[in-house]
Amino acid sequence: MDPKRVIIVGGGVAGLRAAMDLASLGVASVLLEKEDTPAGCLARLKRWFTDDACGLCRMMDMDRGRSVQESCLRQSFEHPLVEFRTGTRAVDGSITGDRAILTVTRMIDGATAEETIEGDAVIVAGGFDEAPVDRLSAFGHGRIPGVVTALEIEEHLSRSPTGPLLRPGDSRPVERAVLLACIGSRDDERPYCSSACCSYIAKIALLLREANPSLDLSVLMMDRRFHGKGHEIYGRKALAGARVLQGRAAAVERDGDRLIVKGVDGQGPLEIAADLAVLSGGQAPAASELLKKLGVEIDPFGYPAPWPGLELWRTNVDRVFTAGASRAPCDIPQAVMEARAAALNAAWILGAKASEPKRLLVVGGGPAGMSSALWLSRMGHRVVLAEERSMLGGEALRVGGDPAGRDLRSEIQKMIQKIESSESIDLRLGTKVAKLRGGPIRFSAVLEKDGETPERMTGLSGVIAAVGAAVHRPKGLIDKRVVTLHEAEEIFFGQMNASVLIRAAPGGGAPKAWRGTSPQAGPIEDSTRTSVIVFRQCAETRNAERPWCNRTCCLSALRLALKVKTERPDAAVWILHRDIMAPGMAEMLYCAAREAGVLFGRFEEDREPVIEEDEAGLRVRFFDAVLERDMILRPGLVVLSSGVESPRERLADLDIPSDETGFGAENETKFRPERSIRHGVLLAGSARSPVPVADAVLQGAAAAAGASVLAELDAGRKDPRPSSATRPSLCAGCGLCVESCPAGARMLEGLPGKAVVIEALCQACGLCASVCPAGAAVISQQPSPPSPLPISGEGGSRADEPDRGDRADALDKGW
Amino acid sequence: MEFEPRIVAFLCNWCSYTGADLAGTSRLAVPANLKAVRVMCSSRVEPDLVIKALMEGADGVLVAGCWPGDCHYQRGNYFTRRRAAMLKALLGALGLDPGRFRLAWIAASDGPRYSEVTNAFVKQVKELGPNPLRKKV
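These protein sequences, in sequence, are chains E and X. Residue numbers are given in numbering that gives the first Met the number 0: position 564 of the first sequence equals residue 563, and the series is strictly consecutive. Residue numbers are given in numbering that gives the first Met the number 0: position 92 of the second sequence equals residue 91, and the series is strictly consecutive.
Be aware that one or more of the hints could be misleading.
[Said to hold, decoys possible] Below, in silico cross-link-like pairs of lysine-lysine (DSSO-like), each with a Cα-Cα straight-line distance of 30 Å or less:
#1 LYS417(E) / LYS434(E)
#2 LYS413(E) / LYS431(E)
#3 LYS34(X) / LYS753(E)
#4 LYS413(E) / LYS562(E)
#5 LYS51(X) / LYS45(E)
[As the list claims (entries may be wrong)] Every beta carbon over 12 Å from chain E, so not counted as near; a handful from chain X, in silico:
#6 GLU1
#7 ALA28
#8 MET39
#9 PRO46
#10 LEU48
#11 HIS71
#12 ARG82
#13 ALA84
#14 LEU90
#15 GLY91
#16 LEU93
#17 GLY94
#18 GLY98
#19 ALA106
#20 GLU126
Worth flagging that the hints you see were computed from the coordinates, not collected in a lab. C-beta: ideal position from N, C-alpha, C; glycine also.
Produce the complete structure using the sequences and hints provided.
Below is the structure:
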């Protein structure tokens, strides 16, 4: 019988990642790609946002043990355990019992050949399609020169890296450009948000500016959804100097050689003249038909219906997993993490086990840490799970619900029970990890528990840092009528009676539609309502001091607002925001809140709402940036959405580097998002960047996949390949090689220190050999000792040796 | 006969070697004067190797790596950049024209750039003439 294998549909970033992870765990796969080259849409991109570099190949290292090729992924992909089929399209499929059967088509000599492929599980990573042609065409795409999609302009710019900025098609110089977001997203037909485009067009802005530094640039976007890790800082930098209008485009018209963009923003209709209009077309699922045929439930937009559990990558069909943009609109790191989680899950249901049980440390017992521990134990490893508090669950215990409507509390309880009953998880509650020493494969840690002698633990293959982030308590929490979002969760989902806190106004009366109808000058006061709740978003966050979006507050505020509005339809619920961060399918929650009558007031960063108290009670005064008027609200309850503190100190305790915002710094922002700069440490959950609970669980699983791969390397599951070595007699122990090693494969050992190589990790790049001042670091082609040459017959005579002249001649000819 | 320089090109595996490959598959003109040596990272090329090539008679040495920020090993090409600056100064002291050495960033998708850079470098070395250190036979 053939070995079990996984069918992966889509050879983009998610598909490649899944295939490599499966291979590292010893599971074969067949990878189907409809194009002739791997990397999907990434092959069309020049570079990626937040680090502005190309680093596709970085997806590979550390997992290269099982002889994956060593070359650029834009060109090809090869691996002995992966059958990579290009030009192959999956058209039909079914799951029968434990078998997955897919029908694929392939063009051979101009004719379509059909074939059946069998496997034991399917990972659908089909990526996305751009906005449909008719939608783009409505904005002049394909009809008017100078109207291009964001992907097209990036391809155009990467083909002409230098020289003036000329527009594609008619090569006219571009002096004025306008970027239009949400073309084919967040509208009637596709009401969801495509999640990655705001940051993507920020990158396009940078690329355009690079090509023409004096470019007059306008951006028309509804919200600035820079919600990912590092996106807030990147977005600000990229759009500095550009005119950012919060609105959306309605049409692009031709005006001679130029373009007129018509649209609307808060102040009313607007027109922008430009030479170039870039349409950001968003994402549409590319694999809905296949998913449907496999029996997966599909939502109205073609994405798989959310799995009721916290495993985002799962579907209602046991052996079908999804990852990347065919699961939900996403950016690269999200696709990478989903693929890692899906691969680990698929490997597990196929019965793959760690080739040798290893010991790993998980720091933090929140959703991310619990997920990591569970997955590692399922793979057969022994896990030490250290949690400082006296119970598992972390901050997730205080969150009442999930944006997709999952039963969060019972899911978290289920995880806690599984961990408590697991035999391979060594649960240490009330325990602090005080020190973390060493590197991958040879970590040691000191565990401290009150009243006990510290315990030193050695021989840890890897460490998962899921330390989470503490809730930030902003200024202005004057009394219990002003609360943080976490406290609000407890009010609405806990024992407290919310109506006590919601002011009952005298008189009452039906709410009036008054927005924008009040003719008088001066502030508008909302006094017609019976009771008022105000959610004040971005409290002491997304500012210079704490420059990140917390990703959770808008979702929680929308969810809570909707709950209040459903239970008390007469209440006035205000969400005061700068941008509503409801990326992806969470946009539907935003739509639902608007429909339910939740009121939204947008304020500018430099004119923040003022919460004060006067004789009549609480008063919130803010300048509404859309109405351009001062507003006064009289709430009974104010909720401050202030997000979390950065985990800088906690990470520093463990010698884990953090980035400029204080969250864990990744080794590579796009392709190794779960890996810390410190080798052998994996980041998950809010220690990396603030995330909702389900994403924390996803990241926990992705980190577990990374740690499993590391453990496989530790177990020696790798093919022989060149490795670096040290000639101890020459080594002075200066440590230059340790510092320069990109894989963390070198360390100093003994006294006086000599450099040693952890061969399992060595990438044989040669950096150590070129920095070593003593020539002690060498790359050996053959890790095994050389064997004597088989000598037979007679030796040659001196006459056979070429003389000097011959040699020089040979050199000449050879050259 | 016109002087045809002999040039050693150290190409980084991840970007420049692939770029060179792309130049070939795109049928772009690439000079025949280059002898490509594939290295895992441009920073593998320590100054010793460049000097050795020149001492042994190469007329020029090209080192090509990933664009800053793109390095597979993340910081490798930054090491190269620093070394190249030092090496340029050093070559003068050895009596060699610094123009015989060039560091270039060539991405994997930069086929045309590979062709451009190599042609320009060959032209430059041609103007400098044969390497004075090259032993006449």
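Quick rundown of the hints versus the structure:
Restraint check for LYS417(E) and LYS434(E): the C-alpha separation of about 28 Å stays at or below 30 Å, so the hint holds. Of the supplied pair hints, the one linking LYS413(E) and LYS431(E) holds, its CA atoms being roughly 24 Å apart against a limit of 30 Å. Between LYS34(X) and LYS753(E) the CA atoms are separated by roughly 37 Å; this puts the pair beyond 30 Å, and the hint is violated. About 25 Å separates the Cα atoms of LYS413(E) and LYS562(E), which keeps this hinted pair within 30 Å; it holds.
A distance of roughly 36 Å separates the Cα atoms of LYS51(X) and LYS45(E); the hinted pair therefore is violated under the 30 Å criterion. Distance to chain E confirms GLU1(X) as a non-interface residue, since its nearest Cβ pair spans about 16 Å, more than 12 Å. In this structure ALA28(X) is separated from chain E by more than 12 Å, as the shortest Cβ-Cβ distance comes to about 18 Å. Listed as a non-interface residue, MET39(X) fails to keep its Cβ farther than 12 Å from every Cβ of chain E; the least gap is roughly 4 Å.
Non-interface status of PRO46(X) relative to chain E is broken: a Cβ of that chain comes within 12 Å, the nearest being about 9 Å off. With a least CB separation of 8 Å from chain E, LEU48(X) falls inside the 12 Å interface cut-off, contrary to its annotation. Look at HIS71(X): its CB is around 5 Å from the nearest CB on chain E, not clear of 12 Å, so calling it non-interface is violated. At the 12 Å boundary, the C-beta of ARG82(X) falls inside the reach of chain E, the nearest C-beta of that chain being 8 Å off.
ALA84(X), annotated as away from the interface, keeps every beta carbon of chain E farther than 12 Å; the closest lies near 15 Å. Annotated as non-interface, LEU90(X) keeps its C-beta farther than 12 Å from every C-beta of chain E; the closest such distance is 18 Å. At roughly 22 Å, the least C-beta separation between GLY91(X) and chain E is larger than 12 Å, which holds for a residue marked as non-interface. With a minimum CB-CB distance of about 19 Å to chain E, LEU93(X) clears the 12 Å threshold, and the non-interface call stands.
Non-interface status of GLY94(X) relative to chain E is upheld: no Cβ of that chain comes within 12 Å, the nearest being about 22 Å off. With 12 Å as the threshold on Cβ separation, the claim that GLY98(X) sits away from chain E holds: the shortest Cβ distance comes to roughly 20 Å. In this structure ALA106(X) is not separated from chain E by more than 12 Å, as the shortest Cβ-Cβ distance comes to only about 6 Å. At the 12 Å boundary, the C-beta of GLU126(X) stays outside the reach of chain E, the nearest C-beta of that chain being 20 Å off.
Violation of the numbered hints given earlier is confined to hints 3, 5, 8, 9, 10, 11, 12 and 19; the remaining hints are satisfied by the structure.
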